[in-house]
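Student: When you get a sec, could you build the whole thing from the sequences and use the hints?
Line order of the protein sequences matches chains A and B.
Per the numbering used here, the very first residue in the first sequence carries number 1; after that it's consecutive.
Per the numbering used here, the very first residue in the second sequence carries number 318; after that it's consecutive.
Calculated directly from the structure, the hints in this document are not laboratory data.
Be aware that a few hints might be false.
Claimed, not checked - Calculated pairs, PhoX-like style, for lysine-lysine (alpha carbon to alpha carbon, straight line, at most 20 Å):
| # | chain 1 | residue 1 | chain 2 | residue 2 |
| --- | --- | --- | --- | --- |
| 1 | A | 129 | A | 75 |
| 2 | B | 323 | B | 371 |
| 3 | B | 423 | A | 129 |
| 4 | B | 343 | B | 503 |
| 5 | B | 381 | B | 343 |
| 6 | B | 332 | B | 530 |
| 7 | B | 573 | B | 343 |
| 8 | B | 371 | A | 129 |
| 9 | A | 265 | B | 423 |
| 10 | B | 533 | B | 328 |
| 11 | A | 129 | B | 541 |
| 12 | B | 346 | B | 504 |
To be verified - Facing chain A, a subset of chain B residues (Cβ under 8 Å, in silico):
| # | residue |
| --- | --- |
| 13 | 353 |
| 14 | 354 |
| 15 | 401 |
| 16 | 416 |
| 17 | 419 |
| 18 | 423 |
Note that the coordinates shown come from a computational prediction; the quantities given were computed from them, not determined experimentally.
Glycine is no exception: its CB is placed at the ideal position from the N, C-alpha and C atoms.
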Amino acid sequence: MIKIFLIGLAAVAGFFLSLMNGSVEITSAQIIGQVPLDETKRQILENIRLPRTIVAMLVGVNLSLSGAILQAVMKNPLADPHIIGISSGAGLFGIFVMMIFGDAGALVTPAAFIGAMLAASLIYLLAWKDGIRPIRVILAGVAVSAFLGAGISALLIFYSDKVHGALLWMVGGLSARSWQHVEILLPYSIAGTLATFLSARHMNVLQLGDEVATGLGLRVNLVRTILTAIAALLAASAVCVVGLLGFVGLIVPHTARLILGSDYKILLPGAAMLGAAVVTISDTFARTIFSPAELPVGILMAMLGAPFFLYLLRCEL
Amino acid sequence: MNLTAKNISVKLGGKEILHDVNYSFKSGKRTAIIGPNGAGKSTLLKVLCLLNEKFSGNVSLDGKNIRNIGRKNLARVMAILPQERDAPQDTTVRQLVSFGRFPHRKFFSGESAEDSAAIKNALELTKLTDFENRQVISLSGGERQRAWLAMTLAQRPKILLLDEPTTYLDISHQLEVMDIIADVNKKFSTTIIMVLHDINHARLYGDDVLIIKNKKIFAAGDPKTILSAQILSEVFSVNADTFTNVAGDEIIFPIKIIKKQC
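Tutor: See the structure below:
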């Protein structure tokens with residue numbers, strides 16, 4: 001209980017850190033309205049920092065929950081949104097639109113979303129044979145991702161003059177994310193989080209193995225299909241807004257599991273809050289370390305997160 | 318509750334595993350299913366509880382086709398302890414046992430008084446009350462088997478199916494598990510259907526025995542009369558001795574394999 005409270009505290013801290021820090025400093029007293037803000041700072045806070053911070057939190061929540069769901073559904077520690085083709089599908093479609101129409105931000109988002117969902121459905125169809133076996137999903141995922149990855153490479157080579165923008169998007173970043181992105185994310189976050197939390201007991205039972213779960217009255221194939229769809233929607237909505245920020249969906253659920261244990265009733269809220277904390281705090285660092293230059297948050301997260309995760313793993317085992 | 322299998326045939330990958338099996342399981346009794354490896358014992362058990370859905374024929378529960386009952390409703394009256402199972406490393410005994418209440422819970426509700434009572438009862442029956450906060454992974458083989466058994470008991474089933482409940486256990490833990498099963502059967506008149514390998518367990522703990530050989534029922538009836546040295550040679554191709562133990566029970570002791578004549 002203390003642990004989950006601390007994770008919640010980290011998420012709140014991340015929210016305020018992200019609002020306060022940047023090229024212009026805003027104090028916490030100014031944020032909560034005790035000290036009046038001048039017009040410029042108010043503009044920065046309301047139209048730049050606040051939407052960006054909310055996007056960061058929602059992306060963290062969506063990707064972490066997606067990864068946590070997939071770990072339960074696939075019963076595989078390597079399961080994450082990459083596995084079901086989210087990244088490669090979003091990547092191919094997003095970059096295709098970027099190359100053909102220039103840096104048309106408005107089109108990239110829906111194209112990436114459609115690509116992600118198409119790739120996830122394709123993998124699911126390929127893996128279906130009298131029901132879903134996790135190992136078939138994982139292998140089909142690897143194959144489809146390799147295929148789509150070849151498409152991404154081909155695009156990057158043919159349109160090498162536009163590689164920079166595509167590369168930035170592939171690494172994943174939060175710069176210039178605004179209220180319109182919050183609007184895209186929010187419905188998926190709310191509906192997805194609700195559906196996920198309601199399925200906590202089903203995921204707990206799923207962890208006991210297919211035969212035990214079936215014997216306990218769980219319709220394993222149906223639950224797997226629905227949960228995979230929820231995971232795909234959560235991850236696709238995040239990826240189409242911030243790019244291929246894949247790392248969160250793998251490492252955050254694992255970290256939450258190492259800290260909180262495997263009971264999904266506790267693990268899910270923990271993973272969601274940890275995801276929000278990790279993305280907001282990482283993004284704050286990413287945009288202040290080399291200020292005024294900005295580091296894409298994906299790079300910083302992988303560089304700090306991977307060693308931290310390895311450290312946790314060593315402590316546990 | 319009456320569980321009846323009618324014209325059950327199972328094919329897997331073009332190979333027939335069960336062929337036209339018919340049997341009416343005795344309500345409130347302990348039925349042991351025995352037979353050689355690959356004869357189709359586990360397959361029959363999985364058909365009975367719909368873990369295997371791909372069979373032709375009909376399994377009925379009090380006259381109702383189990384395919385039309387619904388998984389959750391089925392799980393409220395029938396529990397199975399399969400061999401293939403898994404639990405996260407940090408699962409405690411109590412958590413594991415509480416999963417047995419899954420089919421009884423409503424979508425939103427938490428643990429009801431009835432749930433808690435069923436869990437407590439299952440822990441008592443399996444003598445695991447003192448272990449309830451231990452992690453399943455830290456238990457010995459016998460204790461772990463009892464914990465999984467307790468999960469199925471928390472389901473409060475009318476019919477309990479067990480797939481080789483004593484495999485991998487040492488002799489004292491084998492008897493412990495068999496005694497718990499006999500105890501549950503006596504206290505709650507739970508129908509027990511169990512796949513066993515040990516002929517003498519079938520003799521001592523079974524009211525009824527079903528011998529499966531070559532996809533079919535080879536023999537069925539009272540284990541005390543059916544299980545003889547003669548049948549062991551016919552079903553398992555082994556010569557056996559019989560003798561009477563101190564308790565007056567007849568014990569069958571396999572001696573050696575009968576060489577096949579080519």
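Student: Evaluate each hint against the coordinates.
Tutor: Structure-based check of each hint:
Restraint check: the Cα-Cα separation between residue 129 of chain A and residue 75 of chain A comes to about 18 Å, which is no more than 20 Å; the hinted pair holds. Between residue 323 of chain B and residue 371 of chain B, the direct Cα distance comes to roughly 14 Å. Compliance with the 20 Å bound is thereby established for this hinted pair. As the CA atoms of residue 423 of chain B and residue 129 of chain A are separated by approximately 31 Å, the hinted pair breaks the 20 Å bound. Of the pairs offered as hints, the one joining residue 343 of chain B and residue 503 of chain B holds, with about 14 Å between alpha carbons and a cut-off of 20 Å not exceeded.
For the proposed pair residue 381 of chain B and residue 343 of chain B, the alpha carbon gap of about 16 Å is at most 20 Å, so the pair holds. Only pairs whose Cα atoms come within 20 Å are accepted, and residue 332 of chain B paired with residue 530 of chain B is accepted, the gap being roughly 15 Å. For the hint linking residue 573 of chain B to residue 343 of chain B, the alpha-carbon distance of about 34 Å lies beyond 20 Å, and the restraint is violated. For the hint pairing residue 371 of chain B with residue 129 of chain A, the CA-to-CA distance comes to about 13 Å; that is within 20 Å, so the pair holds.
Distance restraint check for residue 265 of chain A and residue 423 of chain B: the Cα-Cα separation of roughly 16 Å lies within the 20 Å cut-off, and the hinted pair is therefore satisfied. Annotation: proposed proximity of residue 533 of chain B to residue 328 of chain B holds, straight-line Cα distance about 13 Å (limit 20 Å). Between the alpha carbons of residue 129 of chain A and residue 541 of chain B the distance comes to roughly 45 Å, so the proposed pair goes past 20 Å and is violated. Under the criterion of a C-alpha separation no larger than 20 Å, the hint pairing residue 346 of chain B with residue 504 of chain B is consistent with the structure, at around 12 Å.
Given the 8 Å rule on beta carbons, the hint for residue 353 of chain B is violated: about 22 Å separates it from the nearest Cβ of chain A. With 8 Å as the threshold, the beta carbon of residue 354 of chain B stays out of range of chain A, its nearest partner Cβ sitting at about 19 Å, so the hint is violated. At about 5 Å, the closest approach between the beta carbon of residue 401 of chain B and any beta carbon in chain A falls short of 8 Å, and the interface hint on this residue holds. Contact between residue 416 of chain B and chain A, as hinted, is supported at the beta carbon level, the nearest pair being about 6 Å apart and thus within 8 Å.
Satisfaction of the interface hint for residue 419 of chain B is found here, the shortest Cβ-Cβ separation to chain A being roughly 5 Å, below the 8 Å cut-off. Given the 8 Å rule on beta carbons, the hint for residue 423 of chain B is violated: about 11 Å separates it from the nearest Cβ of chain A.
Hints 3, 7, 11, 13, 14, 18, counting from the list given before, are not met by this structure.
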